[in-house]
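Chains A and B, in that order, are what the protein sequence lines are.
If you're matching positions, the first sequence starts at 1 in my numbering and goes up one per residue.
If you're matching positions, the second sequence starts at 1 in my numbering and goes up one per residue.
No lab work stands behind these hints: they were computed from the structure.
Glycine residues also receive a C-beta, built at the ideal position from the N, C-alpha and C atoms.
Among the hints, a few may not be true.
To give an idea of the interface, some chain A residues facing chain B are shown, with a C-beta separation under 8 Å as derived from the structure [stated by the list, open to error]:
no.: 1; residue: ASP16
no.: 2; residue: CYS27
no.: 3; residue: LEU58
no.: 4; residue: ARG114
no.: 5; residue: PHE117
no.: 6; residue: ALA142
no.: 7; residue: ILE212
Quick list of simulated restraints, FRET-style, between CB atoms [unchecked claim]:
no.: 8; chain 1: B; residue 1: ALA708; chain 2: A; residue 2: PHE149; range: 35 to 43 Å
no.: 9; chain 1: B; residue 1: GLU562; chain 2: A; residue 2: GLY42; range: 53 to 61 Å
no.: 10; chain 1: B; residue 1: VAL674; chain 2: A; residue 2: ILE212; range: 25 to 33 Å
no.: 11; chain 1: A; residue 1: ALA211; chain 2: B; residue 2: THR651; range: 40 to 48 Å
no.: 12; chain 1: A; residue 1: GLY173; chain 2: B; residue 2: ALA290; range: 53 to 61 Å
no.: 13; chain 1: B; residue 1: LYS438; chain 2: A; residue 2: PHE149; range: 52 to 60 Å
no.: 14; chain 1: A; residue 1: PHE149; chain 2: B; residue 2: GLY402; range: 52 to 60 Å
no.: 15; chain 1: A; residue 1: ILE212; chain 2: B; residue 2: GLU371; range: 51 to 59 Å
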Amino acid sequence: MRTSVVIFPGSNCDQDVIHSVRDTLGCEVNAVWHREERIPEGTDLVILPGGFSYGDYLRSGAIAARSPVMGAVREHAERGALVLGICNGFQILTESRLLPGVLLPNKTLSFICRSCFLSVENTETPFTCLFEKGQVVQFPIAHGDGLFFLPADELEDLENRGGTVFRYVSPRGDGGDEWNPNGSVNNIAGIVNPQGNVLGLMPHPERACEAILGGEDGRLFWRSVASFLEKGSRRHGLQ
Amino acid sequence: MDFSKYGIRKEEFAVAEAALGREPNECELRILGVMWSEHCSYKSTKHLLKHFPVRGPKVVLGPGENAGIVDLGDGLGAAFKAESHNHPSAVAPYQGAATGVGGIIRDILALGARPLASMDGLFFGDIDNRRTGHLSAGIVKGVGDYGNAVGVPTVGGKTAYDSCYNENPLLNAFCIGLVELDKIVSSQTARPGQLVVLLGSKTGRDGIAGAAFASAELSEDAKESRPSIQIGDPFAEKMLIEACLELKEKNLIVSMQDMGAAGITSSSSEVAAKSGVGMKLHFDRVPLRAADMEPWEIALSESQERMLLIIDPEHMEDVSSVARKWELDCAVIGETEEGDDYSIFFHGEKVASLPVSLIGDRCPPIHWPSERPADFETRWNFDLDGLTAPGDWNTTLLSLLGNPSMSPKHWIFDQYDSMVQLNTVRGPGHPVSVLRIKGRDSLIALVFDADPWKCGLDPFRGGAETVARTVRALSVAGAEPLGLTDCLNFPSPEVPGQYWALEECIKGMAAACEALGCPVVSGNVSLYNETKSGAILPTPVVGTVGLIPSPEDCLPSGAWEEGDVLFLVGPCNASLAGSLYIRSLGLPESGRPLEFSGEAEKDFSERAVGTARAKAARSGRALAGGGLAAALAKDSAESGLGARITLGIPTRKDVVLFGEGGARALYAVPMARVPLFKVIWSGYPCLELGRAGGDSLSVEGAFSLTVARIQEIWRNN
Numbered sequence: 001m002r003t004s005v006v007i008f009p010g011s012n013c014d015q016d017v018i019h020s021v022r023d024t025l026g027c028e029v030n031a032v033w034h035r036e037e038r039i040p041e042g043t044d045l046v047i048l049p050g051g052f053s054y055g056d057y058l059r060s061g062a063i064a065a066r067s068p069v070m071g072a073v074r075e076h077a078e079r080g081a082l083v084l085g086i087c088n089g090f091q092i093l094t095e096s097r098l099l100p101g102v103l104l105p106n107k108t109l110s111f112i113c114r115s116c117f118l119s120v121e122n123t124e125t126p127f128t129c130l131f132e133k134g135q136v137v138q139f140p141i142a143h144g145d146g147l148f149f150l151p152a153d154e155l156e157d158l159e160n161r162g163g164t165v166f167r168y169v170s171p172r173g174d175g176g177d178e179w180n181p182n183g184s185v186n187n188i189a190g191i192v193n194p195q196g197n198v199l200g201l202m203p204h205p206e207r208a209c210e211a212i213l214g215g216e217d218g219r220l221f222w223r224s225v226a227s228f229l230e231k232g233s234r235r236h237g238l239q
Numbered sequence: 001m002d003f004s005k006y007g008i009r010k011e012e013f014a015v016a017e018a019a020l021g022r023e024p025n026e027c028e029l030r031i032l033g034v035m036w037s038e039h040c041s042y043k044s045t046k047h048l049l050k051h052f053p054v055r056g057p058k059v060v061l062g063p064g065e066n067a068g069i070v071d072l073g074d075g076l077g078a079a080f081k082a083e084s085h086n087h088p089s090a091v092a093p094y095q096g097a098a099t100g101v102g103g104i105i106r107d108i109l110a111l112g113a114r115p116l117a118s119m120d121g122l123f124f125g126d127i128d129n130r131r132t133g134h135l136s137a138g139i140v141k142g143v144g145d146y147g148n149a150v151g152v153p154t155v156g157g158k159t160a161y162d163s164c165y166n167e168n169p170l171l172n173a174f175c176i177g178l179v180e181l182d183k184i185v186s187s188q189t190a191r192p193g194q195l196v197v198l199l200g201s202k203t204g205r206d207g208i209a210g211a212a213f214a215s216a217e218l219s220e221d222a223k224e225s226r227p228s229i230q231i232g233d234p235f236a237e238k239m240l241i242e243a244c245l246e247l248k249e250k251n252l253i254v255s256m257q258d259m260g261a262a263g264i265t266s267s268s269s270e271v272a273a274k275s276g277v278g279m280k281l282h283f284d285r286v287p288l289r290a291a292d293m294e295p296w297e298i299a300l301s302e303s304q305e306r307m308l309l310i311i312d313p314e315h316m317e318d319v320s321s322v323a324r325k326w327e328l329d330c331a332v333i334g335e336t337e338e339g340d341d342y343s344i345f346f347h348g349e350k351v352a353s354l355p356v357s358l359i360g361d362r363c364p365p366i367h368w369p370s371e372r373p374a375d376f377e378t379r380w381n382f383d384l385d386g387l388t389a390p391g392d393w394n395t396t397l398l399s400l401l402g403n404p405s406m407s408p409k410h411w412i413f414d415q416y417d418s419m420v421q422l423n424t425v426r427g428p429g430h431p432v433s434v435l436r437i438k439g440r441d442s443l444i445a446l447v448f449d450a451d452p453w454k455c456g457l458d459p460f461r462g463g464a465e466t467v468a469r470t471v472r473a474l475s476v477a478g479a480e481p482l483g484l485t486d487c488l489n490f491p492s493p494e495v496p497g498q499y500w501a502l503e504e505c506i507k508g509m510a511a512a513c514e515a516l517g518c519p520v521v522s523g524n525v526s527l528y529n530e531t532k533s534g535a536i537l538p539t540p541v542v543g544t545v546g547l548i549p550s551p552e553d554c555l556p557s558g559a560w561e562e563g564d565v566l567f568l569v570g571p572c573n574a575s576l577a578g579s580l581y582i583r584s585l586g587l588p589e590s591g592r593p594l595e596f597s598g599e600a601e602k603d604f605s606e607r608a609v610g611t612a613r614a615k616a617a618r619s620g621r622a623l624a625g626g627g628l629a630a631a632l633a634k635d636s637a638e639s640g641l642g643a644r645i646t647l648g649i650p651t652r653k654d655v656v657l658f659g660e661g662g663a664r665a666l667y668a669v670p671m672a673r674v675p676l677f678k679v680i681w682s683g684y685p686c687l688e689l690g691r692a693g694g695d696s697l698s699v700e701g702a703f704s705l706t707v708a709r710i711q712e713i714w715r716n717n
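Bound-form chain B, shown alone:
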């Protein structure tokens, strides 16, 4: 039996054979191949993910369900999750991105939550690369067209460019929804004697075995993978959202599961496994788009806009009537039963019979060899202090602002409906996206961010920095973090150095989550992001959710007024390693990012939230890409005001201005509030930089540019 063509390893075949007491047949092998793929089983990462803290006072539902849920107070919860759709987007950018958005929305919906907002993480190749134009245009249009039509606003995200994504762009989609805590729908509550129901679009041949496709490197001729691409239909999804929420309101659903990767097989077997019931499915009852589909094709089709429901038999007529109203197909395809048997019938014939527990969690884990690459020491020891300071500071700053990874992405987010649903207080283009909750004072704050360059230099420190910078941004805006979701985009784990980077990144992220009291409530792993031309940088993307008690407690950025005193809080020992400055100069990516300090981060966060609550500042921005110089320029461009800055620091000016990392922020403080501000930050590094005002931004001994010039560069990109 050639099990390898179904993506099954020798030891996995042995486990299956032993459990069944016979050789699995082809249909069963195909099912196991997909269910035991990296995408579905996390066999390479399950043990690593155990490093993440997953509990906390605000966590209602941690990893393991369709999405995580945090407590927003007064009986309301926020369900959120991020997921990657990288491989499909590399091959079919428009459909790959569109179905990525559709899939993550269904994950939120599956908990009975109404989808409230989306964000996206886009990682494209070199801006000058021919493929980048094609891929980025298709991916952006795919995200927009889907989200816009479904009526879920896209309120923010992260876009970055680097040659490592030339062949393998990344599309990460985040969605958050609102749910009343006493009305959460679970995928774990099925009981024997209930009906298994398929609601939504018909099942077709699109997207067959997409999960397996997502678990291997992109082949040279990726066109062969086209049949693995799903086709999105946002209209059908909109109907599905309304129908599922109506079913939930009417208490007609026992259990619900999104049909994402691996289609009917994964959704049904997951419900069975999590609920501890057996299941009998009849594939001849599945509404099909193509009449002659084989049972294994029906099992593995990833046709979009479908939901698997578990229904009490006496509610079936009411469920059908809701489905008819929303013009959706609805079919009873099986029933739950006592025991551990998962079997599939096709025209009366039993075509597959597997123990539920075998499919669910008996895939043997893989511990790939891990080894720190030999060149790390050399790269860490590279002498960044030996670099000559910029000859022309003005040009350096402008080229930094014009860098595609830095500049505001109007061409992207103007294509997204960021306002539908009337909750968007701050949309794309702001360091933190803010949503109101209708009928309440409190606001939800969201950040979706990544720093692959620091992860590439030092995966532990880079991983910690990634988490920390999302929390810093939230804290400065006045939000306390409730939890986060992650998309771990990495290359093949089979290369020891790459597996080491994955391990270290996760450990670094976990350390920051622990120190900042921000648990991981959901997430997704995407491995094998590499092609013949190379591997991507380690790219963990983090979506962090925070709560602001009331609109008055929300501190904006880019809101300077004439005469405000500008302060830099935080240490001046930032690092040029992995910084935008080094990258935009085309210098070697060397040096070592700043060490993570849990204590300093926690201290910073508390003071920053305190600053917002006490209204001790008018404007604040956590320092991120481009360091202090970029923060000054962005705030100045958005405020339409200049500033005169004097840096009375002995450290090198380029390090102070362009260095990155560490818990730092730029604040504008009205004169009368300066004493209060100083009290809040006493005992923490806090440096008065100068005053806001005038029509040019100047830093003594460095740059001097008119606000108009900065705005021109800033807005035209």
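So here's chain A without its partners, still in its complex pose:
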């Protein structure tokens, strides 16, 4: 699996993602500077990491969505290849319309960093193919603008097509507002595009890959991607 991590000025989870992917899967990772207009040849997965791209000035992810590298990221996505946006990366994906919806300030209006429980709602994606449907995993969140919002009709479309991949739940997998840290509609934590190759999520799988840091549920996430790519035949016609 060949991974490229885009580094925007202000990215601060770039090294974390690189560490996590490299040390969990033992594969090489390229760092791609935001001024590049091309993604390195042969890249399987492009990751837009978390952080505060361009200081999150204007709106979270808004300036990054218009940076030189994003043209190449869009082409990569349109070819059907994999794009993953974590946290600020998710915000960049919605700002660049590669994913629907918008990420608004948390209902508490404050930044929240804590571990959350998520249920894996869709295991038919390259990012979740090794999980079991409904499996509860623990990934930390750390964001100020994580309230995912879609107008009712679009939300219905999203849910109907299985676009919701992760949802905030209780440790036992139950729903309920008290388990939703930021006020997202339908407790949504992560979504995928209709083609299934572009995933955005607010929680950080890269923060859940080592027991010494408190949990290893994130490893299955990376292994899913690797396993999907090994079966390369499915790379096209994902749906």
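Given the coordinates of chain A, work out where chain B should sit on it, guided by the hints.
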């Protein structure tokens, strides 16, 4: 010449005049006013700070640089320092706190270290006070927003509430970074013929003379001080961090200095003074935010996110290209030269010329009169034994746990990214914060703590207790202390009783540092923390750093299991003086804190580290605020298990349960390890308390509460 309006005293003016052979001009006076302020020159405290031990086998760099460095082994060092930003935070809580965090991060960066983690010390007024809500919300958001965006995790800290901080809250920021010992950047290595370079944000009118502002009492109308407040830009700081580290990696920097207090003037003159070179600066080359700034404004602006670099001329093009990549302004503003002259030119005209050595260290020291306040004896002699024991122990314990100074601060630390960088093994909410070092076995353990109430009752004993409790917490977790940094927050030194307290506190801290082999490697003094409505308690805050050889040697707290045997190690003669128990009952703050015993502390530390290394216990917690009762309740809440305790001690139960001070800890030991545990602690007071288990925590003859009830109170605050 009215020198007093520049904060210059008569004797200081005389020294300047004699050195120059003429009257200093206005620009020079303003420079001296800031450089000779308490904040920059330590004129009231320099001689007191000499009490601190500053050397030790692990000390690589002691006080005097931007931060201290200790040896972590295998060529790696930890650079760390704490600094106060109290006055700005009192006036503009959000920006004051944010720039406090930004400033301390740059201090670490200036040594060429990558910032690894932060902690904060927050001291707020009464929780019911109207101002407290506003100030604490702003300060917490300021700390969080800055640290989160910069990508430096905030992994722990101390928060306390007391009415003495109503008007004058304290914000102390701590930062630690990692540096390879053969790649430390210094502020003392400039040579004649090199370039003086400004990297980072443009210079504006914000924060002019902030250091002088920090060196006086807060005025009644603090709004007038608004121009002294700096505005933080964490995005610019993130760029600055990456740019400086890239410059260091490429060996392009000769010397580097953070531009904190007093801006260009202090950073450049400090580099010149420490390196023994002269300097010529051209202020018309400084990138400005406002076109018409006066030379003295440029000299004293404390605009944030700037770094002063000394560069060899042949490297300048490479430096500029790194700056362009990170979208930072970069300007050559002067050059170093032989001699002792520090001069500033503005459009060709010489506007200031001072001897480097005059600015650096010729400010006359001040020995304020010192006198022990008359009421100390009376307060010490207050008969705490005359207090009646609690009528309802359950209520007493619950009110103790619900006390805002005690309860876990989720509302605060949930706003901090405590995990970014993937090193946080134990974050906020634990008695000790623990970080791993990637690619190595060893862990770094950190504590940031204070006990102003004991310092207020007996500054010597309180100062010693403050240092000792940080080391106790580290030892119980299995860490050996490497060194500490301090923030000395005190009121005006001009009041003899307050100066005495400052002196005594420092002596007490020094005694504990000496006894525990834990030297002071960096620190900061913040005086004049008082307003018309009163002075703060003496509040030395201590950040202590320790090393744990491997993850298996790290002992957790709050990890009881059914059937574990609970032990109290340490003397039972703790004191109610200055305790949370007395404070939460609203009783007079009287009595005398326990005397410091260096021998007992050292003995305790060695046994505690031995316990962790031998894996002789499952869980351990050093006793601190709230005493044994609080430790039992916290461990029980976190373990989700109760315990049945019998105290077979003749001493008063309230003293045993709620008393504080002394080298004591609560341990949970698996049955099979009890003999080993007893061997380690033989010859030291060691009392078997009972067994962990069940769903309620009860102490015979005192309280009995369900674990669920304790958790409810504990978690809801």
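Now for the hints, and whether the structure bears them out:
Given hint, ASP16/A at the interface with chain B, holds; its Cβ is 5 Å from that chain's nearest Cβ, closer than 8 Å. A least Cβ separation of about 17 Å between CYS27/A and chain B goes past the 8 Å threshold, and the interface hint is therefore violated. The beta carbon of LEU58/A comes no nearer than 11 Å to any beta carbon in chain B, farther than 8 Å, and the hint placing it at the interface is violated. Interface hint at ARG114/A: satisfied, since its Cβ lies 6 Å from the closest Cβ of chain B, which is below the 8 Å cut-off.
At about 16 Å, the closest approach between the beta carbon of PHE117/A and any beta carbon in chain B exceeds 8 Å, and the interface hint on this residue is violated. Taken as an interface hint, ALA142/A checks out: its beta carbon lies about 5 Å from the nearest beta carbon of chain B, inside 8 Å. The restraint placing ILE212/A at the interface with chain B holds, with a minimum CB-CB distance near 6 Å, inside the 8 Å limit. One distance hint, 35 to 43 Å for the beta-carbon pair ALA708/B and PHE149/A, holds here, with the actual separation near 37 Å.
The hinted window of 53 to 61 Å between GLU562/B and GLY42/A holds, with their beta carbons roughly 55 Å apart. The given range of 25 to 33 Å is respected by VAL674/B and ILE212/A, whose C-beta atoms sit roughly 28 Å from each other. In this structure the supplied range 40 to 48 Å holds for ALA211/A paired with THR651/B, their Cβ-Cβ distance being about 43 Å. Between GLY173/A and ALA290/B the C-beta distance comes to about 58 Å, which sits within the given range of 53 to 61 Å.
Roughly 37 Å separates the CB atoms of LYS438/B and PHE149/A, a value that falls outside the hinted 52 to 60 Å. Distance hint check: the CB atoms of PHE149/A and GLY402/B are about 37 Å apart, inconsistent with the given range 52 to 60 Å. One distance hint, 51 to 59 Å for the beta-carbon pair ILE212/A and GLU371/B, holds here, with the actual separation near 53 Å.
Of the numbered hints given earlier, the model fails hints 2, 3, 5, 13, 14; all others are met.
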